[in-house]
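Hey, can you work out the whole structure from these sequences and the hints?
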Amino acid sequence: MLVDFNTLPEESRIWIYQCNRKFSDAEFAEIEIALKSFLENWAAHGTGLASSYQLKYNRFIIIAVDQEVQAATGCSIDSSVEFIQSLEKKYNVDLLDKMNVTFKLGEHIAHKPLIDFKKMVKDKAVTENTVVFNNLINNIQEYNESWEVPAIDSWHSRFF
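In my numbering, each residue's number is its place in the sequence shown (first place is 1) plus 112.
Treat each hint with caution, since some may be false.
Claimed, not checked - Pairs of lysine-lysine residues, derived as BS3-like cross-links and limited to a Cα-Cα distance of at most 27 Å, are as follows:
id: 1; residue 1: Lys148; residue 2: Lys168
id: 2; residue 1: Lys134; residue 2: Lys231
id: 3; residue 1: Lys148; residue 2: Lys230
To be verified - Label pairs and their computed distance ranges (CB to CB):
id: 4; residue 1: Asp137; residue 2: Ala183; range: 16 to 24 Å
id: 5; residue 1: Ser258; residue 2: Leu167; range: 17 to 25 Å
id: 6; residue 1: Ser269; residue 2: Ala155; range: 34 to 42 Å
id: 7; residue 1: Asp137; residue 2: Ile264; range: 18 to 26 Å
id: 8; residue 1: Ala155; residue 2: Lys231; range: 39 to 47 Å
id: 9; residue 1: Val243; residue 2: Glu122; range: 18 to 26 Å
Rather than coming from a laboratory, the hints here were simulated on the basis of the structure.
Glycine included, every Cβ here is placed at the ideal spot set by N, Cα and C.
Right under this line is the structure:
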């Protein structure tokens with residue numbers, strides 16, 4: 113059951129998938145159609161999930177579920193991961209690797225393996241004030257407050 117993202121409560125569970133490259137506008141339009149179709153039919157134990165999405169920066173797929181209506185369960189979460197894996201195959205991208213870091217360099221959004229990000233910290237190519245995307249957040253409130261933050265305010269701070 114697809115709902116407006118802005119109507120979801122702040123406690124709604126959220127998953128963020130970052131892409132290892134920028135999607136083209138055409139790819140993102142296709143992804144949006146597929147994502148809407150998936151979410152309209154997404155269910156847990158036969159009950160539709162009140163869910164929504166956001167697509168950001170041609171790199172991020174954000175899925176949210178209102179757990180108060182119906183909680184996402186193991187099988188429903190598995191089906192969402194299968195959907196994401198189908199996108200990975202179709203577009204030859206990586207959306208599930210959590211060992212990568214996405215961050216802003218001016219207006220550009222960079223994506224690096226964690227080991228390269230650590231090297232950039234050492235070389236002072238990124239600083240504590242570099243805006244990073246904290247994809248480990250769990251709900252919409254954290255998404256609104258802590259997704260795009262200076263590195264010092266996220267789990268990335270351990271590298272400085």
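Evaluated hints:
1. Lys148 x Lys168: 15 Å, holds
2. Lys134 x Lys231: With Cα atoms ~22 Å apart, Lys134 and Lys231 stay inside 27 Å; holds.
3. Lys148 x Lys230: Cα-Cα ~37 Å, so violated.
4. Asp137 x Ala183: 16 to 24 Å: 35 Å, violated
5. Ser258 x Leu167: 17 to 25 Å: Distance hint for Ser258, Leu167 holds at roughly 20 Å.
6. Ser269 x Ala155: 34 to 42 Å: With a Cβ separation near 39 Å, Ser269 and Ala155 satisfy 34 to 42 Å, so the hint holds.
7. Asp137 x Ile264: 18 to 26 Å: 33 Å, violated
8. Ala155 x Lys231: 39 to 47 Å: 44 Å, holds
9. Val243 x Glu122: 18 to 26 Å: For Val243 and Glu122 the Cβ distance comes to about 22 Å; the hint holds.
In this structure, the hints that do not hold are numbers 3, 4, 7, in rising order.
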